[in-house]
Every structure is written in C-alpha cells, then in structure tokens.
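Each of the two chains sits in its own frame; use the hints to bring them together as a complex.
Protein sequences appear in the order of chains E and H. Just so it is clear: in the first sequence, position 94 is 94 by this note's numbering, and no numbers are missing. Just so it is clear: in the second sequence, position 177 is 177 by this note's numbering, and no numbers are missing.
Hints were generated in silico from the structure; no laboratory data involved.
Sample of chain E residues at the chain H side, in silico, Cβ under 7 Å:
hint: 1; residue: 128
hint: 2; residue: 242
hint: 3; residue: 249
hint: 4; residue: 257
Note that beta-carbon positions come from the ideal geometry of N, C-alpha and C, so glycine has one too.
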Amino acid sequence: MTELLFRLLRTKQGAVGAAILLVVTLVCVAGPYVAPYDPEKLDFLGRFAAPGARHWLGGDQLGRDVLSRLLTGARTTVPAALAATLLGTLAGALVGTLSAYLGGRWDEAIMRTVDAVMALPGLLLALLVASTLSKGGLGAAAAIAVAFAPGMARVTRSVALTVRRQEYVAAAIARGESGARIVLREMLPNVAAPVVVEVTIRVAFAVMLFATLSFLGLGAQPPAPEWGLMVSEGRRFLHQAPWLVIAPGVAIALTAIGFNLLGDGLRDAMNPRDER
Amino acid sequence: MSARWLLRRALLVVYTLLVVSLLVFGITQVLPADAAVTLLGENATPAALAAVRTRLGLNDPVWWQYWHWLSAVLVGDFGTSMRTGQAVGPVMLVALSRSLLLAACSITLMLVVAVPLGIVAALRRGRLADVLAGLVSYLGVSVPEFVTATVVLVVFADQLHWLPATGYVPLTENFGSGLFHLIAPVLTISLVLVAHVSRMVRSETVDVLASDYVRAAWLKGLPPRVVLLRHVLRNALLPVVTIVALDVGYLLGGIIVVEEIFAVPGIGRQLLVAIEARDLPAMQAGALIMAATYAVANFLADLAYAGLDRRIRYD
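Bound conformation, chain H alone (with noise of 0.2 Å):
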C-alpha cells in the first residue's frame, strides 16, 4: 500500500464525488418543476415569482448555478429546504446518521449469520443444509424489500405482536425501546444481504476446499478444526470484504423503501419525501451525501483487503 496508491485511490472518491453532483445537480435541473413555484404555491403573482427567481439565481446561466451550488457545497453549505425553510445539511447528517446505525446492525446481523451458512452449505455440498441454504438465499435475493418488509410487519407486529409496528425512537432517548424498534427494519434488510453474501460465501469456500494448499493441509493429518480456521476460513473470507463493500450501495437503495415502511426517519425517508415534494436542495443533498457514503464505504474496504492481503501490492 503505497502513498501514491493512496493517494489515486482518494482522488478517485473525489472524481465520483464531482462526477456525481454534476449528474444530480443536473437531473434536478430538467425535473419538470418551477422551484419559484414550489416555493410560493400556484396562487404566486408574476411579479413575486419573477423576484424569486432572481433571489435563488434562477436566470443565471445554469453553469453558474452549478459552480454556485458546489462551491456552497464545498464549505458544507447545502441550501435551505424548499419544504420547511431549514438547512438541508444538517438535518441530512442526522438522517444520515439514524440510517447508518440501521446499515451497521444490518451489516453485523448479515455477518452473523451468512457466514456461518454460507460455510456449512459448502462443506454439506448437495446435502440437506446446502439447499436449505440454497433455497433461502434465492427467496432473499427474489423478494424485494417492499413485500419482506410488509410479510414481517404482518407475522411479528401485527400477529404475533412480539415487535412493534413502525416508528423510531432514539437510542439516546431510551435505548432500549431504540433497539426494539430497529428489530422489523434490521431483519428486513439483513435478508436480502444474507442471500447475497451467503452464496458468496459459500462459492469462496468451495474453491478454497479444492485448492492444493487445503488438502496439503488434511494429508499432513492437523486436525479438521485447525485446517478450517486457519486454512479455509481465512482464505474464503476475503473476497467477503469486497462483495459486503459493493453491497453497500445496494443496502442503501434498500433503506430507501425499508425505512419508509417502518417510518425510520432516515436519510432515505428524507430522499423519498423530497422528491415527492419537488425539494431541490433536499434532493441534492440527499443523493450527495449517500453517494459519498458509498464512495467512502468502498475506500475503506479497498483499505481493509489491502491490508488483510499480504499478497496484494498496489503500486
């Protein structure tokens, strides 16, 4: 791990980051809305629209209402919301926040258990367990968030009564009852990922078992205990980093519905009612914000296999 590799790696999450704004900042532009008219309601006169619109820059040529936005951006200014007259930035980070306390339990959730599957179904090969395993990881990755979020609402709220249906409570609040609450959305998103990375898991572990250096460790006769953690575990595992990384951007899309669903008010919550509400700023920050929380995501992980991998030389 080079500093020159560090340092292309770090250029490359801002090149995303600036690719990115320009593609939302641009989206928002042709959405079919009149900000001056979102602002003031239909009912608006000319004359108020018209001086809106010099107020917000709107007769600006649009690259100047780009480098405007940005340089804004930039110092962490992301506007106020058309909605309700606050600073979109800060009240993104606490969404932000709240929607990543949901990913990290979901994340260690998964972890717990797609490994541990994931390995089992491997080493019962064409048995029982595998394609149990099988057949779970194809519901969780064929079943979209909407319908497993609506079916656990109906068995563990609504039936059962062990959960509680919607809402979120702060964990500083009461940390307790937060936990509680996280339940429902936690197993809903940690399913799909558990699908995903179970049969990952699984596809590592069955070429790590073929390989030369594992059966070179059987025929030197260690007990099976030693050649799994030591020589299988280690091996297969690492591959894992990558895919839970690149699952993070899926796991993000997944927030979006999970938290509407279970009215979590987190950075998706926020997205989605942003848009419905034609809410510029609200929408660009959003989509930033996530965007960055992805790159970032993915540059750590970059960091973690590159030093868990001693093999790997990055130059």
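The shape of chain E in the complex, shown without the other chains (with noise of 0.2 Å):
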C-alpha cells in the first residue's frame, strides 16, 4: 500500500493530482471556518463588486462573497460526487460480480440488459430519475449513482470473470458456501482494487455532471452556494461581472482534473510496466 502510494507520487499525473486534491480536501474541511464572509449574507453596496483587496473573487449579483460562497460551495458538491460514485459503484459491482458468478445465459441477460440501460446517456438518465425524486443536492446524488450503476457494473463483470476463475472461488464452491456468500465475501473485495482507477476517473465525472444538475435546476437549490448553481445564476450577468462565471468554472475544472489525474497516475502506479 505504501508502495502503491510512493510509486503514485512519483508519477507526473498522480503528484499533481494528489496536490490538486490535497486543497481540495482542505477547502472541504476548513472552506467555511476560513471564508472572509457568510456565503449568503447580501450586501447591497458590494454588487458587482470587481474582484479585489475587499472581495478576492469579487461580489456576485446580490452582492455575496464570491469567495466565500465558493469555499463553503465545495462541501456541497465534492461530498456529493464522492457519495454518489461510491453508491453508484456498490450497486454496479455488485450487479457485474453478480453476474460473472452466475455466467453463462444469465451472465448474457443480465449484460445485455445493462448494454441496454447505456444506451440513455448518463445525463439523461440522471436527469429523469432526478426528476422523479425531491429537487436537492440529495436527490441529484442519488440520480447520479443510478446513472453510474449500469457501467461500473460491466467494468466490475469484466474484472470478476478473472476473479471467478481463481482457485479460493472453486473452494469456496466445493466448501458448499451459498451464492450470496461467495459473491459478497470471496468476489467482491477482490474487484475492488482494479477497479479503483475506473471509480477515481468516475468522481471526477460526478463533479461535472452534479454542477451540470445543478446548473439546469434539479441539483442543489438557491440560494445554496453549489458551483453549478452559482455558474448558472451568474450567466445573465456574464457581460458585467464574468468571475461569477469564472470563479466556479474554475472550482468545477480543477476538481475534476484532480480527481483525472490522480486516476491516470494510479493506472500507471498500478501497472508500472505499461508506460504510455
């Protein structure tokens, strides 16, 4: 593990990533303890205001902080992503390993099913089932994991079906421990590991897609300072104060490029001699 770690660092891509993120993580932690101002208090006088030595980012439409909205911003939407990708990757993993433990016609149904579910894009079929729950950061989230599921489901499928083949599965099997046992106990935490560089790539997904829920209305509400939401209320007022836009455009493109390259850099720590 500590090997893992050493070798990650020492690639370009995961350095950087793991750097970008170390502020991330901060800024979740400590955003709102350090934010110069309360994210939703309005301050008529410093609408617009330009970004400078009183407002770093600058004062947005209803004269908050953007700085400071964007600081208490992050807890709503990195939390969200990670929560989301994780849920949406236990219901995948469970429903691929399910599946090559079965194989043979349930494995084709059961893929064939999920190959079916792929053809709605991941938005929209976000955007439906976020439709059919409350409008909210939670209800987004959720909408997200089910939107992931169907493809971490045919990642995890084709991990396992390496997994199945081993040994400790066939003694599992002639021990006669039940199905369920052997896919949750023996299976699943051995798809784990290949599949991680798959889930790290996938949050960096889910940062994107959560603002872009937010942006069209059914991710967090106003006046909660979600970046998304926060690119989306600045819009209209593009030509007059920009960083309303580009402070949160920024937030949403560093995270997510983060979370790509620390992913890219655990494939390569992962596999040291596949230099590409």
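Given below as structure tokens:
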C-alpha cells in the first residue's frame, strides 16, 4: 500500500492530481471557517464588486462574496460527487460480480440488459431519475448513482470474470458456501482493487454531472452556494461580471482535473510496465 | 459478417429499445405528478379530474397502460403533448433532425482535429507537442459543457463579436446564417470529443508504432509517408470507430446542455422542457428516440468495424 502510494506520487499525473486534491480536501474541511464572509449574507453596496482587496474574487448580483461561496460550496459538490460515485459503484459492482459468478445465460441476460440501459445517455438518465425525486442535492446525488451503476457493472464484470476463475472461488464452491456469500465475501473484495482507477476517474465525472444537474435546476437549490448553481445564476450577468462564472467554473474544472490526474497516475502506478 | 450475426445484432437493438421503453415508462409512472392535474391545472374540479383520468386510462392497471402506450408507439404514435396539445412524435423527430445536424458537424470537426492531434502527440512522445495535446485533453474532459459553452459565449459572441450569441436558423431558410449560428454549439461539443478521441488515437498510435510490422516496414526502408499512412494510420484508426460510436451517447447527453444554453430547438432542449413541465408523453418520446439513435449508431459502428477489419469474423 505504501509502495503503491510511493509509485503514485512518482508519476507526474499522480503527484499533480494528489496535490490538487489535497487543496480540495482542505477547502472541504476548513472552507467555511476561513471564508472571509458569510456566503449567504447580502450586501447591497457590494453588488458586482470587482475582484480586489475587499472581495478577492468579487461580489455577485446580490453582493455576496464569491470566494466565501466557493469555499463553502465545496462542501456540497465534492461530498455529493464522492457519495454518488461510491453508491453507484457499489450497486454496479454487485450486479457485475453477480453476473460473472452466475455466468452462462444469466450473465448474457444481465449484461445485455445493462448494455440496454446504457443506451440512455448518462446525463439523460440522471435527469429523468432526478425529476422523480425531490429537488435538491440529495436527489441529484442519488440520480448520479443510478446513472453510474450500469457502467460500473460492465467494468466490474470484466474484472470479476478473472476472479471467478481463481482457485479460492472454486474452493468456496467446493466448501458448499452459498452464492450470496461467495459473491459478497470472496469475489467483491478482490474485484475492488482493479476497479479503483475507474472509480477515481468517475468521481471527476460525478463532480461535473452534479454541477450540471444544479445548473439545469435539478440539483442544489438557491440560495445554496453550489458551484454549478453559481454558474447558472451568474450567467445572466456575464457581460458586467464575468468572474461570477469564471470562478466557479475554474473550481469545478480544477476538482475534476485533480480526480482525472489521480486516476491516470493510479493506473500507471498499478501497471508500472505499461508506459504510455 | 454472417447473416446470423447481423440478425443477432439487430435483435439486440430491439431488446435495447424494449428495456429502455420499460425504464422510461417506469420512471414516468413514479414521477410525483398527476397527469390529470398537469393537464387541467390545480383548480380543476374533482369531477373534471376524474373524467380526464378515465379518458387517459389512468385508472387501468399499469401493465395495461404500458401495453397501450407501447402498441401506439410501435405504429409511430407517441401521444399528444400535455403542454402544447400537439402530437409529440413529429415535433420530436424535427427536433432530432436539428440535433443530428449539430452532432454530425461536431463529429466532423472532431475527426479533423483529434486524429492529427493524436498522431502528432504519439510521434512526438514526451515533447512539447505531446505535453500540450495532453493538457488540452485534460481540460476537455474536466470542464463541463455548461462552463465551456458559457466561455465560448463570452469570448466569441460577447467580447469579439465574431459569432451570434444564441438562437437557431434552419439551414433551409438561410444556409449561411444557419451554419453561422451552429459554430458556437459545435465548438463546445467538439472540445470534449477532441479531448477524448485524441487521447485514444495517441495511445493506439503509440501501440502500433511499437509493433513488429511497423518496425519491419521501417527496416525495409519504406519512405516515412508510406509507413505512416499504410501501416500506422490504418491500424491505429480502427478502434477509433468504436470509440466514436460509444461517444455518441456522451454526445447526446452533452447536446442537452449545449442546446439549452445556445437556444437550439433540438431534442435535448425539448426533453428538458418536457421534464420541467412534467409533460409525460414528450418525456417518453424524447428519451426513447434518443436511446434509439444511440442504439442505431452503435449498430452501424459495428457494421463499419466488421467491414473495415477483415480479421474480424463474427459467427
């Protein structure tokens, strides 16, 4: 584990990704405490304040401090994206591993159904699911989890097929253990490691998807300082205050780049010979 | 490519649409919206609501409603919109044609940019061009479309005044102006695709460059142009066909946001409007048509792949 971390930090992508995510984590933990203003405090005189000494990243259409909103907003977007990815991965991994364990016709039927669900674009599936839930960050996160599950099922199945052929699975079957026990106790833990790369890259996607849902009005609701929502609200004042869009846009992009880089670094660290 | 394989592949498309239809219908069933209330408004009398429910068949069992809906869809009747009262099918198909135009332009631009970019990055591995291409691709996959679209709007429409801000002009009405209005949305969509596909092209090219047959071609003393075009390009581009087809799903998702921002009346925008208004028939039709587009695109990509690569024999 320490060796993997060491190798990860020696890859260029891994090091940069880890550094970015360290900052993101710090912001998530300490953001509201270091924020210079209350993120929801209105200040009529500070409306559209240009970035400067008083407001480092400027003020928005209601005079709220953009930096404070960014710092506080990280607590909505990042945990939601993480939770959605983990939930979607867990659901997908269960289906994928079960499918590989059952094999044969069942495997065929399950995977063709998974493929079929994936004919709906991820964003559309998330939008449809989110519309059935109550508006808000929780509903959006659940919707993203649903949208991620089929893709993760496909990825885990391919890994689980190799695991299925391992001797310890054969041994468990010989011991007469139940299918549920074999899938949950023997296969799932061994599927986890190789899937980590895919999961890390998915978090980047989840951050973008969550912000997109909020942007479209099906995620976090005003006056929450959510990054996608900030872009959506600031868009109307683009001409007079471009920082309202640029600041949250950069925050979203940076977080997503961090997870993408970390994922690529992890891949290189896990397959040291495959140098691309 | 045997007839059996073709039939199997076609059946999979049918199965896909069946699953999607069940899924979409299921989602619209659990939607916290009463179709009768959506149709008549909050102030309708109970008697009027009951009459509408009977007319729409909302009191029938769910499976019967599904069958009723599906059998109508199979003959091309997607129902009438609860919002506008128009037939949903034709409206969605017109919207789809606009989206497909947008998608086709984006894929063309993407191929023109991504393929050379990926190949140059692979040939100059580790050098400046490679690093720059890598940077662009990281940006492309990490910036959501709604941010890219907004930046494109600020830079090209607002500041430089090179492009019109938003809106859509049909090509049949004014070809030049129509194309002009498409530039900004196409730029936005292509960026993500370029990022994704150029990375794939690069990694495929790196693999092919290291292969024995390419080394043999160099050692035979063939001119670089011949080696690159005949040996490298042909083999590196094959997998790209599949990637592009898979990206169609991503493209269709991205198109929803881009159409909304640039006010292109395509299928993505229609779907968003339908979701916001809880317009069930429009939601069902839009989602089903989008999934069908994806399934057919992948079917065609498989055909193209099998046709291009003689080594592949499906049975």
